[in-house]
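Peer 1: Here is how the chains run, residue by residue.
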Amino acid sequence: MAYTLTRRGLLASAAAVPLALAAPRVSAQARMRLVIIGGGFGGASAARFARDAFPDVEVTLIERARTFTTCPYGNLVLGGMRKIEDITFTYDGLARRGVRVVHDEAVAVDASAKTVRLRNGGPVSYDRLIMSPGIDLRWGAIDGYTEDAAERMPHGWAPYVQPITVLERQLRAMPDGGVFVMAIPDNPFRCPPGPYERISMVAHYFKQAKPRAKILALDAKNGFSKQPLFQEAWEELYPGMIEWRGASNDGRVVRVNPTAMTVHTEFGDTVKADVANVIPPQMAGRIARDAGLANQTGWCPVKPQTFESALVPGIHVIGDASIAAPMPKSGFVASTHAKQAVAAAVALHRGETPANPVYFNTCYSHVGTDYGISIVGVYRAEGDRFIEVPNSGGISPRNATMSRERKEEQRRLEAHYADGWYEALTRQMFGLG
Amino acid sequence: MLSTLLRGCCIAAAGGVMVLLSAGAPAHANDEVRIGLITGGCVGCHGGEGGGGHGIPNIAKTMTRAEFVATMKAFRENKNNPTVMNRIARGYTDEEFALMAIRWAKPE
Ligand SMILES: Cc1cc2nc3c(=O)[nH]c(=O)nc-3n(C[C@H](O)[C@H](O)[C@H](O)COP(=O)(O)OP(=O)(O)OC[C@H]3O[C@@H](n4cnc5c(N)ncnc54)[C@H](O)[C@@H]3O)c2cc1C
Chain A
6 MAYTLTRRGL
16 LASAAAVPLA
26 LAAPRVSAQA
36 RMRLVIIGGG
46 FGGASAARFA
56 RDAFPDVEVT
66 LIERARTFTT
76 CPYGNLVLGG
86 MRKIEDITFT
96 YDGLARRGVR
106 VVHDEAVAVD
116 ASAKTVRLRN
126 GGPVSYDRLI
136 MSPGIDLRWG
146 AIDGYTEDAA
156 ERMPHGWAPY
166 VQPITVLERQ
176 LRAMPDGGVF
186 VMAIPDNPFR
196 CPPGPYERIS
206 MVAHYFKQAK
216 PRAKILALDA
226 KNGFSKQPLF
236 QEAWEELYPG
246 MIEWRGASND
256 GRVVRVNPTA
266 MTVHTEFGDT
276 VKADVANVIP
286 PQMAGRIARD
296 AGLANQTGWC
306 PVKPQTFESA
316 LVPGIHVIGD
326 ASIAAPMPKS
336 GFVASTHAKQ
346 AVAAAVALHR
356 GETPANPVYF
366 NTCYSHVGTD
376 YGISIVGVYR
386 AEGDRFIEVP
396 NSGGISPRNA
406 TMSRERKEEQ
416 RRLEAHYADG
426 WYEALTRQMF
436 GLG
Chain B
134 MLSTLLRGCC
144 IAAAGGVMVL
154 LSAGAPAHAN
164 DEVRIGLITG
174 GCVGCHGGEG
184 GGGHGIPNIA
194 KTMTRAEFVA
204 TMKAFRENKN
214 NPTVMNRIAR
224 GYTDEEFALM
234 AIRWAKPE
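Just so you know, the protein sequences line up as chains A and B, in that order.
Numbering-wise (the numbering used here), the first sequence opens with residue 6 and increments by one.
Numbering-wise (the numbering used here), the second sequence opens with residue 134 and increments by one.
Everything labelled a hint here was simulated from the structure, so no lab data went into it.
Hints are not guaranteed to be accurate.
With a Cα cut of at most 27 Å, we get these calculated DSS-like pairs of lysine-lysine [stated by the list, open to error]: (1) LYS412/A x LYS212/A; (2) LYS212/A x LYS231/A; (3) LYS194/B x LYS308/A; (4) LYS194/B x LYS212/B; (5) LYS194/B x LYS412/A; (6) LYS119/A x LYS308/A; (7) LYS206/B x LYS194/B; (8) LYS219/A x LYS277/A; (9) LYS231/A x LYS212/B.
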């Protein structure tokens with residue numbers, strides 16, 4: 006069995022097998038052309054998996070940037086635990102494995118001619134297209150929050166729009182005793198636990214460098230991912246530093262004034278910030294919307310078995326851009342969308358029935374030194390819906406359910422394992438191991 | 134399907150080379166893809182070769198298939214002090230554990 010051999014062995018031996026046997030309908034002359042737009046968590050994972058699992062398929066990855074900085078661990082840059090270089094990758098590893106990497110921007114898709122138009126290069130033809138363009142920010146959804154405003158009030162939520170270092174510099178320059186204000190959007194948005202990990206990592210930095218600073222989190226929701234775990238940890242690690250205000254407590258930010266450095270809430274509160282981190286509402290990346298893949302929500306409906314668009318045949322939309330609730334918009338789960346979409350795209354191209362999917366997510370969050378927590382979810386397709394497998398997944402155990410020693414061990418181990426998770430996932434995505 | 138799959142594996146292991154695609158044609162190729170999909174999340178922590186790191190254990194050929202399946206079942210019951218594998222294992226079926234074992238456990 007291939008999996009008892011090394012990966013190199015799999016590639017070599019699978020390539021040595023006559024392809025006609027495995028896929029009678031596909032001749033060597035007409036290799037299937039799988040084209041992927043976006044080299045992030047979904048797209049890079051798709052390229053890697055396609056290259057490994059289907060040596061007879063031609064894999065092209067279209068990504069506009071030469072390097073990719075991950076959102077995951079960006080909060081650790083704010084916390085002073087990582088440097089930006091530690092979380093930045095190139096596409097060389099994927100190229101070495103035989104992925105055709107095209108650094109260009111996809112500007113239009115012609116779904117009937119099955120071509121992708123690029124900003125600079127010539128058109129790229131596909132048999133099946135996978136899109137994982139991530140998110141765009143809804144400028145103006147919060148009154149006054151424009152691209153210009155984001156210079157003064159950074160979002161730090163999409164590294165290809167604004168590097169996390171913009172917010173990092175502002176935090177470093179903030180005086181002790183200052184107020185860090187966050188505006189957090191309603192669901193759905195990229196990385197449900199992300200804002201709260203950010204609160205934690207900023208608190209971790211303040212505790213050492215600016216012990217009199219305060220954090221005010223203004224939230225458009227009344228609850229959030231891993232809430233009890235985060236709040237217990239904040240009490241424990243950063244007592245008195247963090248105030249979180251939900252929607253029913255006038256937490257929804259509706260307007261910002263970047264000149265005055267104020268944010269304004271739904272019921273009329275005005276808050277002055279020393280540093281303001283405004284995370285606006287989001288939508289699917291532009292290329293997906295322009296290609297007619299999004300509905301009125303701004304996100305892309307898909308078929309749960311295959312991630313093929315419910316609107317345009319032949320195109321699979323994965324990752325944050327897709328509507329895949331109850332799955333969160335996370336990098337890890339995008340990597341499992343990717344594999345299913347690749348396998349389904351190949352099966353459909355060959356006239357076969359795609360395998361039943363199982364999707365899987367784990368999101369670790371760092372809350373402090375040696376303090377990690379996590380959430381797990383396993384999901385399947387049921388008719389036209391995604392469902393979470395009953396009795397599976399869930400959050401790390403609450404403090405009160407464990408002895409003090411076991412609790413410290415659990416949190417310490419999870420912080421450690423989070424580092425293992427990050428390394429394993431990014432090495433996979435970028436073809437490094 | 135599982136039985137053809139296991140047979141394919143035995144052939145491959147016995148021969149020491151990957152003959153299963155030519156031995157069994159399309160069904161085997163699909164089984165292999167299916168295993169890749171079912172273990173698609175495992176690699177996000179244990180790595181593509183299952184070697185682990187940063188304290189996440191090595192799961193590559195450390196157990197027999199039976200031991201592997203028993204370990205996964207025990208995780209479902211919270212045995213062996215898991216931090217996360219209990220929550221993961223409860224999401225998968227016994228049949229899927231057997232498929233995972235083909236990728237991760239010692240070849241048989
Ligand atoms: C602060 C923060 C922390 C996070 N932490 C975690 C975490 O710990 N774990 C986790 O699992 N997830 C985490 N996430 C979520 C994770 O980053 C996203 O879910 C993930 O990036 C989604 O993958 P994607 O492929 O949809 O988009 P992305 O990873 O954003 O990739 C999109 C890519 O497409 C490219 N692109 C877009 N349009 C075009 C075009 N027209 N032509 C060419 N290229 C294009 C972009 O340049 C980009 O490289 C976090 C997010 C944030 C903001």
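Peer 1: Taking the hints in turn, state whether each one holds.
Peer 2: Checked hints:
| no. | hint | in the structure |
| --- | --- | --- |
| 1 | LYS412/A x LYS212/A | holds (22 Å) |
| 2 | LYS212/A x LYS231/A | holds (22 Å) |
| 3 | LYS194/B x LYS308/A | violated (36 Å) |
| 4 | LYS194/B x LYS212/B | holds (21 Å) |
| 5 | LYS194/B x LYS412/A | violated (31 Å) |
| 6 | LYS119/A x LYS308/A | holds (20 Å) |
| 7 | LYS206/B x LYS194/B | holds (18 Å) |
| 8 | LYS219/A x LYS277/A | holds (12 Å) |
| 9 | LYS231/A x LYS212/B | holds (24 Å) |
Violation of the numbered hints given earlier is confined to hints 3, 5; the remaining hints are satisfied by the structure.
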